[in-house]
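The listed protein sequences derive, respectively, from chains A and B.
Count the first sequence with my numbering and you get residues 1 to 107, in order.
Count the second sequence with my numbering and you get residues 1 to 123, in order.
Quick caveat, the hints were computed from the structure, so don't treat them as lab data.
Do not rely on the hints blindly, as some may be mistaken.
[Unchecked claim] Below, computed lysine-lysine pairings styled on DSBU-like, alpha-carbon distance capped at 35 Å: (1) A:Lys-45 x A:Lys-103; (2) B:Lys-65 x A:Lys-45; (3) A:Lys-107 x A:Lys-42; (4) A:Lys-42 x B:Lys-65; (5) A:Lys-39 x A:Lys-103; (6) B:Lys-76 x B:Lys-65; (7) A:Lys-42 x B:Lys-104; (8) B:Lys-76 x A:Lys-45; (9) A:Lys-103 x B:Lys-65; (10) B:Lys-76 x B:Lys-104; (11) A:Lys-103 x B:Lys-104; (12) A:Lys-42 x B:Lys-76; (13) B:Lys-43 x A:Lys-107; (14) A:Lys-42 x A:Lys-103; (15) A:Lys-45 x A:Lys-107; (16) B:Lys-76 x B:Lys-43; (17) B:Lys-43 x B:Lys-65; (18) B:Lys-104 x B:Lys-43; (19) A:Lys-39 x B:Lys-76; (20) A:Lys-45 x B:Lys-43; (21) B:Lys-104 x B:Lys-65; (22) A:Lys-39 x B:Lys-104; (23) B:Lys-43 x A:Lys-103; (24) A:Lys-39 x B:Lys-65; (25) A:Lys-39 x B:Lys-43; (26) B:Lys-43 x A:Lys-42; (27) A:Lys-45 x B:Lys-104; (28) A:Lys-39 x A:Lys-107.
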Amino acid sequence: DIQMTQSPSSVSASVGDRVTITCRTSQGIYTWLAWYQQKPGKAPKLLISAASSLQSGVPSRFSGSGSGTDFTLTISSLQPEDFATYYCQQANSFPLAFGGGTKVEIK
Amino acid sequence: EVQLLESGGALVQPGGSLRLSCAASGFTFSDYAMSWVRQAPGKGLEWVSSISYSGTITYDAESVKGRFTISRDNSKNTLFLQMNSLRAADTAIYFCAKVTLPEKLANGGFDYWGQGTLVTVSS
Numbered sequence: 001d002i003q004m005t006q007s008p009s010s011v012s013a014s015v016g017d018r019v020t021i022t023c024r025t026s027q028g029i030y031t032w033l034a035w036y037q038q039k040p041g042k043a044p045k046l047l048i049s050a051a052s053s054l055q056s057g058v059p060s061r062f063s064g065s066g067s068g069t070d071f072t073l074t075i076s077s078l079q080p081e082d083f084a085t086y087y088c089q090q091a092n093s094f095p096l097a098f099g100g101g102t103k104v105e106i107k
Numbered sequence: 001e002v003q004l005l006e007s008g009g010a011l012v013q014p015g016g017s018l019r020l021s022c023a024a025s026g027f028t029f030s031d032y033a034m035s036w037v038r039q040a041p042g043k044g045l046e047w048v049s050s051i052s053y054s055g056t057i058t059y060d061a062e063s064v065k066g067r068f069t070i071s072r073d074n075s076k077n078t079l080f081l082q083m084n085s086l087r088a089a090d091t092a093i094y095f096c097a098k099v100t101l102p103e104k105l106a107n108g109g110f111d112y113w114g115q116g117t118l119v120t121v122s123s
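Just chain B, with the same shape it has in the complex (with noise of 0.2 Å):
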């Protein structure tokens, strides 16, 4: 059974920093690219990041690029989000997702989400 849990959520002030991580199991982790997906509490989601099976290639979305770094540790089966300069705009609940197809970065959709992790950026 596929499983993906984030954690490392919290409140942070602004300016602040923030690593979020995503464990996954119950498949061959780096056979897959993995993105971030947020959700601004009662609106929609908004991509955020992006990284491919073998960690070589990111994408961010221009909202939080050169504050959001997205990485992997494929010995460990985990998704990292390193998030520095917080600001208010990022609070939101922070899935990671599996994206459908193998060693493809995005085609197919995410077929697996993890709970989320809720991100509270407020002084």
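Only chain A is shown next, with the shape it has when bound in the complex (with noise of 0.2 Å):
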């Protein structure tokens, strides 16, 4: 089974900031790995898919990079409304698995 190391598990930043989230897995699953955004009682939201594929509707402070095991998220200029719970996870093979998540948190 493939493992998911997402980090950090919480960042506090201020809004303007540029915020990066990292996830690592335990092999290598090319470019498949999506990111998501989750706020408060409500659904995750897939912000970018295939590693740097970013979702229609998403905002391009948000983009996606890397391939094989190491990958980031990064929110170029924080917005208020970005502050949320992020998960990453893995769409290459079974089991599925995400990452821990990271809470982003106003400083």
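Please dock the two separately framed chains into a single complex, following the hints provided.
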């Protein structure tokens, strides 16, 4: 099974800050990695698929990169609506797996 | 507009059974694999089960294998999760989710999610 290591588990940041979240997998998954944003009481929202493909309607301040085992989600300039929990997910093989989550909090 | 609407969540005693449903609309249901993902209170996301677009291939997490069964009725655009021998650890919000890419079981992640249905296992 593929193990997911997402870091940090939480980050405090201010509006306008650049935020970077990393996800490492225990085996190579090519670029089959997705990133989600989840706000309290809501379903997750897909931000990025295939490591770097921005979903329609997602602001361009979100970007993803990486391949193999190391991946990054970057928010270039944090906005008030971006305070949420972010999850990575490997979509290469079963069993599918999510990272533990990164809570982005207001500093 | 794509919509996924889960139902069937309830309070159930340990050892009991429950059947969740997910009614899909706004896309060609029979072209896409579907999955169930759960989230225990205050915890992260956990993949539960996936089923191919045709319904012929299924995968389950080790934690539910032999107890949960995923199925689908493409004529009714509905996804199911039969949950047997429920345990306290199964307490969670259960989301159904649509795979992004047609005919792919997983690649591309999940582009649409339902609002979730709460399953509580307690005596």
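Here's how the hints hold up against the structure:
1. A:Lys-45 x A:Lys-103: At roughly 15 Å apart (the allowed maximum being 35 Å), Lys-103 of chain A and Lys-45 of chain A satisfy the hint.
2. B:Lys-65 x A:Lys-45: 27 Å, holds
3. A:Lys-107 x A:Lys-42: With a Cα-Cα distance of about 23 Å, the restraint between Lys-107 of chain A and Lys-42 of chain A holds, given a limit of 35 Å.
4. A:Lys-42 x B:Lys-65: It holds: about 27 Å lies between the C-alpha atoms, which stays within 35 Å.
5. A:Lys-39 x A:Lys-103: This hinted pair holds, its Cα atoms lying about 10 Å apart.
6. B:Lys-76 x B:Lys-65: Roughly 26 Å separates the two Cα atoms, so the pair holds.
7. A:Lys-42 x B:Lys-104: 26 Å, holds
8. B:Lys-76 x A:Lys-45: This hinted pair holds, its Cα atoms lying about 26 Å apart.
9. A:Lys-103 x B:Lys-65: 30 Å, holds
10. B:Lys-76 x B:Lys-104: 21 Å, holds
11. A:Lys-103 x B:Lys-104: Holds: Lys-103 of chain A and Lys-104 of chain B sit about 30 Å apart, inside 35 Å.
12. A:Lys-42 x B:Lys-76: Distance ~26 Å between Lys-42 of chain A and Lys-76 of chain B Cα, so the pair holds.
13. B:Lys-43 x A:Lys-107: 22 Å, holds
14. A:Lys-42 x A:Lys-103: 15 Å, holds
15. A:Lys-45 x A:Lys-107: With Cα atoms ~23 Å apart, Lys-45 of chain A and Lys-107 of chain A stay inside 35 Å; holds.
16. B:Lys-76 x B:Lys-43: Holds: Lys-76 of chain B and Lys-43 of chain B sit about 33 Å apart, inside 35 Å.
17. B:Lys-43 x B:Lys-65: Judged against 35 Å, a Cα distance of about 21 Å means the pair holds.
18. B:Lys-104 x B:Lys-43: 28 Å, holds
19. A:Lys-39 x B:Lys-76: Within the cut-off at roughly 31 Å; holds.
20. A:Lys-45 x B:Lys-43: 17 Å, holds
21. B:Lys-104 x B:Lys-65: 22 Å, holds
22. A:Lys-39 x B:Lys-104: 27 Å, holds
23. B:Lys-43 x A:Lys-103: 12 Å, holds
24. A:Lys-39 x B:Lys-65: It holds: about 30 Å lies between the C-alpha atoms, which stays within 35 Å.
25. A:Lys-39 x B:Lys-43: 13 Å, holds
26. B:Lys-43 x A:Lys-42: At roughly 13 Å apart (the allowed maximum being 35 Å), Lys-42 of chain A and Lys-43 of chain B satisfy the hint.
27. A:Lys-45 x B:Lys-104: Judged against 35 Å, a Cα distance of about 19 Å means the pair holds.
28. A:Lys-39 x A:Lys-107: 17 Å, holds
The structure agrees with every numbered hint stated previously.
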